[in-house]
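Q: The listed protein sequences derive, respectively, from chains A and B. Under full-length UniProt numbering, read the first sequence as residues 1 to 450, first letter to last. Under full-length UniProt numbering, read the second sequence as residues 1 to 693, first letter to last.
Hint data in this document are derived by calculation from the structure and do not stem from the laboratory. In this text, all values refer to a predicted model and were calculated from it rather than measured experimentally. C-beta atoms are modelled at their ideal positions from N, C-alpha and C, and glycine is treated no differently. Since no wrong hints were added, every one of them can be taken at face value.
With the Cβ distance kept under 10 Å, some of the chain B side facing chain A (calculated, not the full set):
1) Pro213
2) Pro620
3) Arg625
To spell it out: a stretch of chain A is covered by chain B in this simulated footprint if at least three of its residues, at any positions, have a beta carbon under 8 Å from a beta carbon of chain B; those stretches are:
4) 26-37
5) 46-53
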Amino acid sequence: MAATRLVEALVARDTGPVTLVGEERHAPYNRILLSAVLEGTHSRAAIGLGLPDGVDARLGTRVAEVDRSERELVLVDGERIGYDRLVLATGSIPSLPPVRGLVGLDGTLHPSVHTLRSLDDCDRLDAAVPHARRAVVVGGGLLGLQVARALSIRGLDVEVVEGGEHLMRGQVGPRAGSVLARDLTRLGSAVYTGARLIKLTEAGLVLDNGAVLADVDLVVLAAGARPAAALARRAGLAVRRGVLVDDTLTTSDPAIHAIGDCAEHAGRTHGTVGPAWEQAEVLASRIAGADPTYDGSRFVARLRATGLDVAVLGDRDAEGEVVEVTNPVVGSHRRLMVREGRIVAATLVGDLSRIGLITQHFDRGTVLGPHEPAALLTPDRPGAPVVLPDTAEVCACAGVTAGAVRACASFDEARATTRATTGCGGCSAAVRALLSTRTSTGPTLERTHP
Amino acid sequence: MTRPATRTATRTATRTHCPYCSLQCGMTLQPRGRTLEVQPWAEFPVNEGGLCRKGWTAGGLRGHRERLTSPLLRDRATGALREASWDEALDLLAGRLRALRAEHGPDAVAVFGGGGLTNEKAYQLGKLARVALGTSQIDYNGRWCMSSAASAGNRALGVDRGLPFPLADVEGTEVLVLVGSNLVETMPPAARHLDRLRENGGRVVVIDPRRTPTADRADLVLQPVPGTDLVLALGLLHLLDAAGAVDTAYVETRTTGWAAVKAAAAGWWPERVERVSGVPAAQLRELADLLAGAEKAMVLTARGAEQHAQGTATVLAWIDVALALGLPGRPHSGWGCLTGQGNGQGGREHGQKADQLPGYRMIDDPAARAHVAGVWGVEPDSLPGPGRSAYELLEALGTEDGAKALLVFGSNIAVSAPRTGHVVPRLEALDLLVVADLVMSETAALADVVLPVTQWAEETGTMTNLEGRVVLRERAVEPPAGVRDELALIADLAARVGSPVPFSTEAAEVFAELGRASSGGRADYAGIDHDRIRREEGVFWPCPSPEHPGTPRLFTERFAHADGLARFVTVEHAGPAEPVDDAYPLHLTTGRVLAQYQSGAQTRRIAELPDDGPFVELHPMLADRIGAHHGEPVVVTTRRGELKATARVVDTIRPDTVFVPFHWVGANRLTHDALDPASRMPEFKVCACAVRT
Numbered sequence: 001m002a003a004t005r006l007v008e009a010l011v012a013r014d015t016g017p018v019t020l021v022g023e024e025r026h027a028p029y030n031r032i033l034l035s036a037v038l039e040g041t042h043s044r045a046a047i048g049l050g051l052p053d054g055v056d057a058r059l060g061t062r063v064a065e066v067d068r069s070e071r072e073l074v075l076v077d078g079e080r081i082g083y084d085r086l087v088l089a090t091g092s093i094p095s096l097p098p099v100r101g102l103v104g105l106d107g108t109l110h111p112s113v114h115t116l117r118s119l120d121d122c123d124r125l126d127a128a129v130p131h132a133r134r135a136v137v138v139g140g141g142l143l144g145l146q147v148a149r150a151l152s153i154r155g156l157d158v159e160v161v162e163g164g165e166h167l168m169r170g171q172v173g174p175r176a177g178s179v180l181a182r183d184l185t186r187l188g189s190a191v192y193t194g195a196r197l198i199k200l201t202e203a204g205l206v207l208d209n210g211a212v213l214a215d216v217d218l219v220v221l222a223a224g225a226r227p228a229a230a231l232a233r234r235a236g237l238a239v240r241r242g243v244l245v246d247d248t249l250t251t252s253d254p255a256i257h258a259i260g261d262c263a264e265h266a267g268r269t270h271g272t273v274g275p276a277w278e279q280a281e282v283l284a285s286r287i288a289g290a291d292p293t294y295d296g297s298r299f300v301a302r303l304r305a306t307g308l309d310v311a312v313l314g315d316r317d318a319e320g321e322v323v324e325v326t327n328p329v330v331g332s333h334r335r336l337m338v339r340e341g342r343i344v345a346a347t348l349v350g351d352l353s354r355i356g357l358i359t360q361h362f363d364r365g366t367v368l369g370p371h372e373p374a375a376l377l378t379p380d381r382p383g384a385p386v387v388l389p390d391t392a393e394v395c396a397c398a399g400v401t402a403g404a405v406r407a408c409a410s411f412d413e414a415r416a417t418t419r420a421t422t423g424c425g426g427c428s429a430a431v432r433a434l435l436s437t438r439t440s441t442g443p444t445l446e447r448t449h450p
Numbered sequence: 001m002t003r004p005a006t007r008t009a010t011r012t013a014t015r016t017h018c019p020y021c022s023l024q025c026g027m028t029l030q031p032r033g034r035t036l037e038v039q040p041w042a043e044f045p046v047n048e049g050g051l052c053r054k055g056w057t058a059g060g061l062r063g064h065r066e067r068l069t070s071p072l073l074r075d076r077a078t079g080a081l082r083e084a085s086w087d088e089a090l091d092l093l094a095g096r097l098r099a100l101r102a103e104h105g106p107d108a109v110a111v112f113g114g115g116g117l118t119n120e121k122a123y124q125l126g127k128l129a130r131v132a133l134g135t136s137q138i139d140y141n142g143r144w145c146m147s148s149a150a151s152a153g154n155r156a157l158g159v160d161r162g163l164p165f166p167l168a169d170v171e172g173t174e175v176l177v178l179v180g181s182n183l184v185e186t187m188p189p190a191a192r193h194l195d196r197l198r199e200n201g202g203r204v205v206v207i208d209p210r211r212t213p214t215a216d217r218a219d220l221v222l223q224p225v226p227g228t229d230l231v232l233a234l235g236l237l238h239l240l241d242a243a244g245a246v247d248t249a250y251v252e253t254r255t256t257g258w259a260a261v262k263a264a265a266a267g268w269w270p271e272r273v274e275r276v277s278g279v280p281a282a283q284l285r286e287l288a289d290l291l292a293g294a295e296k297a298m299v300l301t302a303r304g305a306e307q308h309a310q311g312t313a314t315v316l317a318w319i320d321v322a323l324a325l326g327l328p329g330r331p332h333s334g335w336g337c338l339t340g341q342g343n344g345q346g347g348r349e350h351g352q353k354a355d356q357l358p359g360y361r362m363i364d365d366p367a368a369r370a371h372v373a374g375v376w377g378v379e380p381d382s383l384p385g386p387g388r389s390a391y392e393l394l395e396a397l398g399t400e401d402g403a404k405a406l407l408v409f410g411s412n413i414a415v416s417a418p419r420t421g422h423v424v425p426r427l428e429a430l431d432l433l434v435v436a437d438l439v440m441s442e443t444a445a446l447a448d449v450v451l452p453v454t455q456w457a458e459e460t461g462t463m464t465n466l467e468g469r470v471v472l473r474e475r476a477v478e479p480p481a482g483v484r485d486e487l488a489l490i491a492d493l494a495a496r497v498g499s500p501v502p503f504s505t506e507a508a509e510v511f512a513e514l515g516r517a518s519s520g521g522r523a524d525y526a527g528i529d530h531d532r533i534r535r536e537e538g539v540f541w542p543c544p545s546p547e548h549p550g551t552p553r554l555f556t557e558r559f560a561h562a563d564g565l566a567r568f569v570t571v572e573h574a575g576p577a578e579p580v581d582d583a584y585p586l587h588l589t590t591g592r593v594l595a596q597y598q599s600g601a602q603t604r605r606i607a608e609l610p611d612d613g614p615f616v617e618l619h620p621m622l623a624d625r626i627g628a629h630h631g632e633p634v635v636v637t638t639r640r641g642e643l644k645a646t647a648r649v650v651d652t653i654r655p656d657t658v659f660v661p662f663h664w665v666g667a668n669r670l671t672h673d674a675l676d677p678a679s680r681m682p683e684f685k686v687c688a689c690a691v692r693t
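With the rest of the complex left out, here is chain A:
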């Protein structure tokens, strides 16, 4: 997705010929919606992103190596493609946990084991779902929970196995994690935290706490991903966890850039589309001759799964003062971390009613007042019914007060003498109500009703 965005931005800026080499045979698509396709909320055809005209797209092939001295790529079929600038947007690959029996002797995954990284993965998993009854999702992070919900909605019995002490431990604290686990349980899935899958046998899945999950038809690995940096490493570029880039998104070779999940900037790799697209925009501008820099991204993650509402904002290592409201009774947990009046991190589980405002404040660095963080976590109170004073305007169109209506004997009289209800008609119910009760807090009607 980083590459697609970059290519679009380059073509829009008319920076010259662009060649796109992609390992997947499919035209570019929106990867983050794969779990939605699996769940059935998105049609498979609807996630295609399309490519602008004039791009030389080489899909379904792979780069064997980068010949930096010649500034050429060597594809697996031997073809060489020259470049002035090379951008690596190789993404990430699923981490395979150390589980015995996961991978066969020929290096392929066990037939019941799946990942969900590519459209091919999605198709394969989708095809297996109708024949399956029981599924285990390994990993209780964002992807794991989305997959768990998707399979559950598809009618499977789902169990989630998470090695950490609570769900989404990479992004949220234990309270939020336990609210999530309750939600998932309420929705019909089993959750095992602090449990690791160690062995895949004929009898079933063996966990490190001794439990054996039998009759499992599907195992989906969602235990994280790591930057796909092998090509860069082979080419001799500086690589730590990901391909190292500076604020200009340039690697240790000035002609080579890296963006998206494969890149490591300021000691940080990302696994979400937001930073990837921000990097793509910055790099496209640079290639077009401008001089913006990339100074990191604001992290916002949203779980996309029916029945689970989760938003995580900011850096989990952020420091500040915490305002937190947890309501285990209704299954909500909301937590804001504030430093010098600005929201630096937030977790919202189960109640996203203020998400639209909190995200705005976070993204814009709004300086809040001292009472505001708490107010943001307090739902609006419904107003109590009030008795309208005689001075209250009930018909805005004609400017008629409650008192003037109360002074009338009937709806028709009110209509004829005050013109109330004759404009937009919105006050008809209020006028009828006033005339039916004919009580008043004001002096006018106390005279007429002694």
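Given the coordinates of chain A, work out where chain B should sit on it, guided by the hints.
A: For chain B alone, coordinates are given in the frame of chain A:
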């Protein structure tokens, strides 16, 4: 021509239309002594006898002490205005105009019109500029009203008619989506159609940063950050496509361009929309589900969506939504624009726009020039080319390239222009400012020559309402002595500046000429005349011949592009021209209140209408942050100006946004002058501001 009945002793009430908004509510007028009695005209289908308090009190300017009844000339020595005869004023005016033209060329004189003028006046104003003055410099305040919807409608559907169906059609739809419209307050009698829609089981959806009285009557309310309506449309397209709700048969047979729009929308999944727009993803899904499940649906945009530097793109995105659902041209379905000004529709069709000739003909089209020049009896080559758009025209005033004289008709620029702190000095830099108005408006107060003109009850002419229905405004009373109608004024002035052809002063005659000029154009009025309008309670354009029944509903068979197909147009979100930052951390948006109209030149002078001055609407959370209290003053600042006004603390507005009504001097000192690239609409609806106590 006026019906004889209106002048007889029997005093039959005169059927006419309200002087204010684009609904053009039917009403009757009856002079009673020195006052003018307004009564409902129950048969007129748009309002069915309903009126708002502006309409009820519209007679209040009759005999008003502030009515102008004599031309006024500014004495250069003292700076004071003095009364003058029409002859003296027009002689002086014509002399100065001729001198400026001789010295600087014809573009030294500019004309600025209004969306409240009758079709006849708007037409004559365009002719005055192109034929008598020979200037390309003419535009009007409608540029600041619905021009973005006009650009988008033309581009996507091939024609711009606010509503392509009668307003009452909304009663029969299933889902009505109002994008940036507060019609319950801005055109109250329209709301009866909403209520009937809901009685029929339909749903109303309102999209507005404020939970307005219109939103109070809706089933679903989305409160986006100002300037992000476009993103909501892209998000809807995304969800509709994902759910398989796109009407593929319609898309294939009646449109082009879907594939690119689909690909662009694929990148706008709900959570991304949520981050940009501040609308929770769940609410967007709810709206998508409503639309996906409906056979009939309507999307209506208004100023909230349109008055942006991305206004055209925003409307295009919403038209894309309507097209994807297969709505335009189907019964009780489609997209439309709720035009604002009384003759916002007709005012843009007949030559007031910088780039257009009557009948929506483009001024740079040789065939259009030949046709209109033929009607006018001049050589096509004598017509000037396109001029500057409204704001650009004003910004150039008094500069080397810009006009040195400006004639203003039916507009109060000093209040209504964006960034007035920049525009008013441009007006002051003119050699000659001429303003024709009823009262001493803030703009008239700056003028060198002020010309008193008729108000609505004193004149006859046609208006085209928001439905494209041409209606007749009829003279009910004689104008005060000393007051002239603009048709007479324009004709007289044209003669005095040496027009090669005469100008008619009779509204029915001018309208017949307008019909010939528009004949064959997209807004074709050739088959309409005043008597026919009287008989038929309005006639919908296009109406190319007297036998033609008029066209209440457009697009039922084909769209107005040559190939008959509608265009999907791919647009991308850019956001407000002035994003918020630490210094100006809040969004400012502007709008109207029920009891006032536009710059308030008329409504602020009507005693029965409350005039509490401007106010600043802000949320309790924001009020608490800055220490503001309801009813006490606060100061709003932007990079362009400052306004002190009373705080109204309400929980109906987004906490990151403040609202100021624009009827009073001040609001537009704050607004931004970034322009839409296609429509040249200024970004009235969002800029960055700060608020303090």
